[in-house]
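Q: Protein sequence lines, in the order shown, are assigned to chains A and B. Per the numbering used here: the first sequence = residues 1 to 114. Per the numbering used here: the second sequence = residues 115 to 229.
These are computed hints drawn from the structure, not numbers from a lab. Any given hint could turn out to be false.
What the hints assert, rightly or not - A few chain B residues that face chain A, going by a derived Cβ cut-off under 8 Å, partial list only: (1) Phe-153; (2) Gln-156; (3) Glu-217; (4) Gly-221.
Every residue gets a Cβ at the ideal spot worked out from N, C-alpha and C, and that includes glycine.
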Amino acid sequence: SQELEQSPQSLIVQEGKNLTINCTSSKTLYGLYWYKQKYGEGLIFLMMLQKGGEEKSHEKITAKLDEKKQQSSLHITASQPSHAGIYLCGAGTRGGGSQGNLIFGKGTKLSVKP
Amino acid sequence: GAVVSQHPSWVICKSGTSVKIECRSLDFQATTMFWYRQFPKQSLMLMATSNEGSKATYEQGVEKDKFLINHASLTLSTLTVTSAHPEDSSFYICSLEGGAGTEAFFGQGTRLTVV
């Protein structure tokens, strides 16, 4: 079965610093999704990547999917306390279209020190 | 995009009682919804796929008689945790598919504590 490995498991950075979170799959990804979750709350959609080599940016967050579609990275530039939370990568389990049935990594807990 | 409303956001119940969690799609007709469970420091794990008008499909290891799913309309799916035990304490969250090429939409989640 497909698994998603996220690294690091947790991260503490000083405000203003850049950081990267990685998500690696054991199989080809049919859509890679990045979500942010605050403890005990729902998921906030960040970005969706579907094509090999795709890169998307929103505000200070950039996500990339490698050409082989087995690894993705999430990069935050000039981190702020508002970026703190748990970042989850999720992947579709079948090809094409929207993916409601997702598998997730265990998450990366990000803390930003002011 | 679709808005998903989940209720309640948190619930505390006594061991042996049943708890119902509702997942509503507010502006999207959903023939399929998904129920996930998340234990502390663990990933979200798919429990079951809720199908409107037919039986839910459960993932391996999830007891269908314990986690009853009803999807009677295109906008509502319910998950009932029957005879709850402390080990059922977890964060339950529902989702539904958006249109082709879009992300899944998640409810706010329900934190269940069984005492």
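Q: Hold the hint about Gly-221 (chain B) up to the distance rule: shortest CB distance to chain A must be less than 8 Å.
A: holds, 6 Å
Q: Next item in the hint list is Glu-217 (chain B). Is there a CB on chain A closer than 8 Å to its CB?
A: holds, 5 Å
Q: Just to be careful: measuring from the Cβ of Gln-156 (chain B) to every Cβ in chain A, is the smallest value less than 8 Å?
A: Cβ of Gln-156 (chain B) sits 6 Å from chain A, so the hint holds.
Q: Under 8 Å, Cβ to Cβ, is where Phe-153 (chain B) needs to be relative to chain A, so tell me if that hint holds or is violated.
A: violated, 11 Å
The earlier numbered hint that this structure contradicts is number 1, and it is the only one.
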